[in-house]
Structures are given as C-alpha cells and as structure tokens.
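For the protein sequence lines, the chains are A and B, in the order given. All residue numbers for the first sequence refer to our numbering, where the first residue is 1 and numbers rise by one. All residue numbers for the second sequence refer to our numbering, where the first residue is 1 and numbers rise by one.
Since the hints were derived computationally from the structure, they do not count as laboratory data. Hints are not guaranteed to be accurate.
As the list claims (entries may be wrong) - To give an idea of the chain B side of the interface with chain A (calculated C-beta under 10 Å), a few residues:
id, residue
1, L11
2, Y36
3, Y100
4, G104
All values reported here derive from a predicted model rather than from experimental measurement. From the three backbone atoms N, C-alpha and C, an ideal C-beta is built for every residue, glycine too.
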Amino acid sequence: SQTIHQWPATLVQPVGSPLSLECTVEGTSNPNLYWYRQAAGRGLQLLFYSVGIGQISSEVPQNLSASRPQDRQFILSSKKLLLSDSGFYLCAWSLGVGNQPQHFGDGTRLSIL
Amino acid sequence: GENVEQHPSTLSVQEGDSAVIKCTYSDSASNYFPWYKQELGKGPQLIIDIRSNVGEKKDQRIAVTLNKTAKHFSLHITETQPEDSAVYFCAAANTGNQFYFGTGTSLTVIP
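Excised from the complex, chain B in its bound form:
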C-alpha cells in the first residue's frame, strides 16, 4: 500500500518568514495530493490540493509543488502570520479516493 512520510514534525518560524513542509509518497499510482490545516480541537480543513497533471499551484500565500518523478510534494507558506500556527497534514490518494496521510507538522509562527 501507499506510504506517506512528512517532514519536519515540528517547525518554528518568525512572523513574516516562509515555511516549507515536505512529503514523500511510495505509490506511483497516487494522483491527488491534498493539504490540510488542523487547529486545536478541530477537524482538518482543506487548504490546497494538487493533481498529478500539474506541477505547481498557488493560492495567495500558499503554494504546493509536486515532483512526480521523485515522488515528493511540498507546501510553501510565505509571509507567515501567527494565525498560520497549526498542525499541517499532507495526503496522497489514488483513484479509489482512499487518503493516506502523513504524520503531521506542528507549525509555530513566532510574533
């Protein structure tokens, strides 16, 4: 089955700096890669996703890049703000729509 690894597990950045979270996957059949943000006591919320026919996608301060050959994808947050502090999860899915999640990155943005 699919195996998704996520790094780092914790990340602290100064407000205004950029944050990068990286994930690798093992199954070349995976073709959909969502990213979720989870605040304390809440369920994960989708923040951005990318499909395997696209190499990069941006939404304001958030971007995701995908390298299918190397089987890795990354989340980039620019101009970080304190409200970006949360746990971020990556996931990989194939056509069966079963998601395989990474173990999460706890991001702290220091004011």
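Chain A extracted, bound-state conformation:
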C-alpha cells in the first residue's frame, strides 16, 4: 500500500532563516505531488504541484519554492523566511491519470519567530 511521510512534524524558525521541508511517497510510481498551506480556520491553499521529476507548477507567487529531485520526493524551500510564512504545510500525492483522490501527509506546523 502507499504511504506518505512528511518531516519534521513541527518546526520553529527565526525570521530570515532558510527552510527545507521534505515529503516522500512509498508504494507508487510517478505520482502527482502537491504542497498546500493551511491557515488557521481556513481551507487549503495550493502552493505547488508536480507531475514529474523536475516539473514544478506554482500557484501562488511568494517567498517559497519547490523541487522534485526524485520521482517520489518533494521538497519545499525558502531562502529567507518571513513571519507570514507561518502555518501548517501539507504534502499530498495522487495517481497521475484522470481525476484521482489526493492523499495527505500529517503536515508540518511551522512557526516563525
């Protein structure tokens, strides 16, 4: 069966520091991969999605970037964090063909001080 892992679960970073959040999927090949941000009391905002290695689409211009160095690895990065980057970050995967359910990891709670 397929599983998705995100780490770390929680992270506290100072303003201006770099960021790297990692997501890996097991048990499937060539998945679509997604990064979402969830603000308190609000829905999920799609940040990036990828349909293959090195292929990244950005939905919201901002201080973050994403990379997909391997088929089942998706990384969310920032060179300099802002206070507004605080939030709950979720990674998800889906099969790459047609409309398929997205399956989420347990997220990273990021706090910027």
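Following the hints, position chain B against chain A.
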C-alpha cells in the same frame, strides 16, 4: 477559476442525530467531488468522493449527494458518534486534478 463555498462553518449535533454539510461550486467543468475529514494535528483523510456521472453515493453512515444543475453537493452523516467530531472539507476538481477546497466545517458531536 473555480470557487467552492462551504456551509456551515461550525455545526453541533447531539450524538445519534444526523449532520449535513453543504457545498456549492462555480465551474461547470468540475467533475470530481471528494470529502475529507481532518482531526486535530493531522492531515485531511479522504472519507468519500463522488463523480459527476453519479447523483448519490453511500458508505455505511456517510453519504454524498450531487446536484450538477444547481452546482451543489452535500455530505450526510447519520447516527453521529463522538469520534465523528472533526473538521470536514469539501473540494471540487476538473480533469486537471487541481482541487479547490471549501473553508471547512467544524463538527462537534455532543455525547
């Protein structure tokens, strides 16, 4: 782009009663409608989904209905239990598989 609205934002029901959460969407090209349950500190978990060629789908105590003409779909939970307490999200997607989420409903089941 697609716009999904979800109501109510909070819902309290007595254990054993039914709960209904409603969503509307704007893009007639949307053809896939999943529902997710999110418990505190966890990622959303898919609980049921429906495609546009079906009007209703049931899975034990959970059902989803879809009205394509009116562009709305609903989640129905019967015989609610305390473990049903969570935040529920609806979403709409088209063939590009980009999901557009509602803003969530916090459901509390009172024992």
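Comparing the hints with the structure gives:
no.	hint	result
1	L11	violated, 15 Å
2	Y36	holds, 8 Å
3	Y100	holds, 8 Å
4	G104	holds, 6 Å
The structure fails hint 1 only (numbered hints given earlier).
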